[in-house]
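2 protein chains.
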Amino acid sequence: MNADLVIENVLLPDGTQGSVAISSGVIQSIGHDKPSAAAVYDAKGALIAPGLVDGHVHLDKTLLGLPFIPHIRGDTVAERIEAEKHIRRTLEVPVETRGGLLIEKLSAQGTVALRSHVDIDTEIGLKGLEAELTLKERYHHLMDIQIVAFPQSGILRDPGTDDLLNAAIEAGADLVGGLDPAGIDGDVSRHLDVVFNIAERHGVGVDLHLHDGGALGAFELRQIAERTLSLGLTGKVAVSHAFCLGELDDVDFGRTAALLAKADIAIMTTAPGPVSMPPVKPLRSEGVRVFCGSDNIRDAWSPFGNGDLLERAGTVCDRQDYRSDEDLALAFSLVTEMSSQVMGREGGLVVGAPADFVLLPVGSIAEAVAERPRQRTVFKRGINVTPGAGE
Amino acid sequence: MNADLVIENVLLPDGTQGSVAISSGVIQSIGHDKPSAAAVYDAKGALIAPGLVDGHVHLDKTLLGLPFIPHIRGDTVAERIEAEKHIRRTLEVPVETRGGLLIEKLSAQGTVALRSHVDIDTEIGLKGLEAELTLKERYHHLMDIQIVAFPQSGILRDPGTDDLLNAAIEAGADLVGGLDPAGIDGDVSRHLDVVFNIAERHGVGVDLHLHDGGALGAFELRQIAERTLSLGLTGKVAVSHAFCLGELDDVDFGRTAALLAKADIAIMTTAPGPVSMPPVKPLRSEGVRVFCGSDNIRDAWSPFGNGDLLERAGTVCDRQDYRSDEDLALAFSLVTEMSSQVMGREGGLVVGAPADFVLLPVGSIAEAVAERPRQRTVFKRGINVTPGAGE
Numbered sequence: 001m002n003a004d005l006v007i008e009n010v011l012l013p014d015g016t017q018g019s020v021a022i023s024s025g026v027i028q029s030i031g032h033d034k035p036s037a038a039a040v041y042d043a044k045g046a047l048i049a050p051g052l053v054d055g056h057v058h059l060d061k062t063l064l065g066l067p068f069i070p071h072i073r074g075d076t077v078a079e080r081i082e083a084e085k086h087i088r089r090t091l092e093v094p095v096e097t098r099g100g101l102l103i104e105k106l107s108a109q110g111t112v113a114l115r116s117h118v119d120i121d122t123e124i125g126l127k128g129l130e131a132e133l134t135l136k137e138r139y140h141h142l143m144d145i146q147i148v149a150f151p152q153s154g155i156l157r158d159p160g161t162d163d164l165l166n167a168a169i170e171a172g173a174d175l176v177g178g179l180d181p182a183g184i185d186g187d188v189s190r191h192l193d194v195v196f197n198i199a200e201r202h203g204v205g206v207d208l209h210l211h212d213g214g215a216l217g218a219f220e221l222r223q224i225a226e227r228t229l230s231l232g233l234t235g236k237v238a239v240s241h242a243f244c245l246g247e248l249d250d251v252d253f254g255r256t257a258a259l260l261a262k263a264d265i266a267i268m269t270t271a272p273g274p275v276s277m278p279p280v281k282p283l284r285s286e287g288v289r290v291f292c293g294s295d296n297i298r299d300a301w302s303p304f305g306n307g308d309l310l311e312r313a314g315t316v317c318d319r320q321d322y323r324s325d326e327d328l329a330l331a332f333s334l335v336t337e338m339s340s341q342v343m344g345r346e347g348g349l350v351v352g353a354p355a356d357f358v359l360l361p362v363g364s365i366a367e368a369v370a371e372r373p374r375q376r377t378v379f380k381r382g383i384n385v386t387p388g389a390g391e
Numbered sequence: 392m393n394a395d396l397v398i399e400n401v402l403l404p405d406g407t408q409g410s411v412a413i414s415s416g417v418i419q420s421i422g423h424d425k426p427s428a429a430a431v432y433d434a435k436g437a438l439i440a441p442g443l444v445d446g447h448v449h450l451d452k453t454l455l456g457l458p459f460i461p462h463i464r465g466d467t468v469a470e471r472i473e474a475e476k477h478i479r480r481t482l483e484v485p486v487e488t489r490g491g492l493l494i495e496k497l498s499a500q501g502t503v504a505l506r507s508h509v510d511i512d513t514e515i516g517l518k519g520l521e522a523e524l525t526l527k528e529r530y531h532h533l534m535d536i537q538i539v540a541f542p543q544s545g546i547l548r549d550p551g552t553d554d555l556l557n558a559a560i561e562a563g564a565d566l567v568g569g570l571d572p573a574g575i576d577g578d579v580s581r582h583l584d585v586v587f588n589i590a591e592r593h594g595v596g597v598d599l600h601l602h603d604g605g606a607l608g609a610f611e612l613r614q615i616a617e618r619t620l621s622l623g624l625t626g627k628v629a630v631s632h633a634f635c636l637g638e639l640d641d642v643d644f645g646r647t648a649a650l651l652a653k654a655d656i657a658i659m660t661t662a663p664g665p666v667s668m669p670p671v672k673p674l675r676s677e678g679v680r681v682f683c684g685s686d687n688i689r690d691a692w693s694p695f696g697n698g699d700l701l702e703r704a705g706t707v708c709d710r711q712d713y714r715s716d717e718d719l720a721l722a723f724s725l726v727t728e729m730s731s732q733v734m735g736r737e738g739g740l741v742v743g744a745p746a747d748f749v750l751l752p753v754g755s756i757a758e759a760v761a762e763r764p765r766q767r768t769v770f771k772r773g774i775n776v777t778p779g780a781g782e
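Chains A and B, in that order, give the protein sequences. Take the first sequence: its letter number 375 is residue 375 in my numbering, and every next letter is one higher. Take the second sequence: its letter number 324 is residue 715 in my numbering, and every next letter is one higher.
Only chain A is shown next, with the shape it has when bound in the complex:
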């Protein structure tokens, strides 16, 4: 069978040189035979790595495309929500532009799929969602986009948000979100009632933001797990941040992790610097999937962030003290295989999977994580989408 494209002189994951053939945007073969093809690309010995998958971004929040805006202080999550709304009201560059710039930036760095949490509140309504749905279609050739309807201002403290979340799912959001049922809404049960009712009614997944710490956060995690199990949503629920998992004693950690594993709830971490983070290997040992995302990229929440997932894998290594090749590869899996799984994507470097990958001028995945090479040749569904590739 003739392939559309063969990529020759590729360093394969097993360390040998080989070829990858692509047909109709899908990997047709990968290995040491060299099928005939309409076109040939010479990888010149570059390592082929699966496309990077960003498990948590906010396309609507980024201030990319605007001059640098000094951060407005906010000591609590509630204060930061207000600071963000203040900035949002004055922005003249629409989400379609800012989010589009972010997608292009992420793609150029090797990201092929992302999950975006879009603000839904009674001030902005579904406008952010509509913009992200436009972006999802416009950038289909670069990025698989999954959208979470995210009640950034809370649900109970911003009455009317529950209806908007329902409407968001009906309008095309892929998952329903939530935010600190205790810390923001002050009522764990009622907050989770709203979120899980929407998930059940529409048959969609859940991805909640949880910043609440220590025993409180752990209690909420167990509540989320109980509901997930009782509603049969096993494998469809994720919790983002969950700093509390890094603060528990062994007993509390063990019983919480066991319940998360039973409900197959995945934990998203950015490997944050100022707070504790979910411990990656202990969670994996208990059977809990961990994945990574960029979160804020130059927005009202943080002036930092560049969306580089190789750098993010390195940050995981820094926080978890990973140095060996094996551990660096584990960190890499959090920004590829694990986040891809959580998004329900077919992925990886296997026959039949979408031809989404990155060619990197390094000798191993560990070196890619340690070195974060700038030169990245990005293929999306078999097309070289690297900026400037078509010139």
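Think of the hints as simulated: they come from the structure by calculation, not from any bench. A virtual CB, placed ideally from N, CA and C, is assigned to each residue, including glycine. Honestly, I wouldn't trust all of these hints.
[Unchecked claim] Some chain B residues close to chain A (C-beta under 8 Å, calculated; not the full set): (1) F459; (2) P461; (3) H462; (4) K527; (5) E528; (6) Y530; (7) G664; (8) S693; (9) R714; (10) S715; (11) P752; (12) A757; (13) E758; (14) A761; (15) P764.
[To be verified] Derived DEER-like restraints, expressed as beta-carbon distance ranges: (16) P159(A) <-> T467(B): 54 to 60 Å; (17) S276(A) <-> T467(B): 38 to 44 Å; (18) Q408(B) <-> V40(A): 22 to 28 Å; (19) H477(B) <-> V93(A): 51 to 57 Å; (20) T90(A) <-> G563(B): 32 to 38 Å; (21) R480(B) <-> D321(A): 22 to 28 Å; (22) R190(A) <-> E677(B): 45 to 51 Å; (23) L403(B) <-> R138(A): 38 to 44 Å; (24) S24(A) <-> E473(B): 51 to 57 Å; (25) L607(B) <-> T97(A): 51 to 57 Å; (26) P274(A) <-> G594(B): 22 to 28 Å.
Take the given structure of chain A and dock chain B to it, following the hints.
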């Protein structure tokens, strides 16, 4: 007076546009008047920032210029010392080459001065020092280099090292180092006796590595401060790492910091991810100077590290939860003003100081830290030393 060079269209630290005039490698004027000059450089609105100063590197350890070497695990500092020696014995690329590549890499990123800790032990003797003294001379046009004679294998546990440290100072090392008087050498007093006797005898400064944690590390810090005071070495001593300062209760922190301030002992941190770090603002409030360095850059201790001090300032912000422009500028001062002071350098953007600076395409220091722009035009003693500048 005619200047050698005028840099026009510079964004000055106060946010206005201006010019900088340079004569004989020194800043002759900085501000809004435009002196006549033999040559003119158009900065095109770029921000002028002081040259970056790396307060802690190991020029002899880097594996730059070699293929990626997988990290050899070592769970304790002692095990890692042995792992490093094992690698060191097999290296065929000399320190002059590896360290030279590192200096060039640092310079290209805007670093104009560094303090390097060179291994002194009974196996390697003074060979590393001799190589670094060669580098210091060879790269004089790019980098101010200060060398610490560093007993990486301990002093008491590697008998003969004390004599070698003495010989190292006589051979041209600028400071004497030390390493975990308790954790590595098992005798705080005797270890510090050796280090401080050498400092006193030769009139040189001290920069000790201290990884020992909690109450033990704090005890050692106070011992170091007492000796510093009694020997009149105030302002000449630094302690690198001092993770323990991030682990103390308020009372212990307060009495330790007060003693550090009294002895004017500066604390070097890399803002490490897996362990606690010295809290920057609380230390500064007590009057303790804090500065930053890169530490390991692709060596036997870590496969990570790229020597980018703008990134390092960002890591400080990440660990200390700094987001405001003011806080980002504080972090920037740890890789410029503070490390420069600790090295005893004249520095900063003031008339009479060496014309060591970086032009960055950003609107403020905060943006430089958040964005870490790749484009950096580096001037060392008034010469544009950016790679490719002379072409």
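Hints violated by the structure (numbers, ascending): 4, 5, 6, 11, 15, 17, 18, 20 and 26
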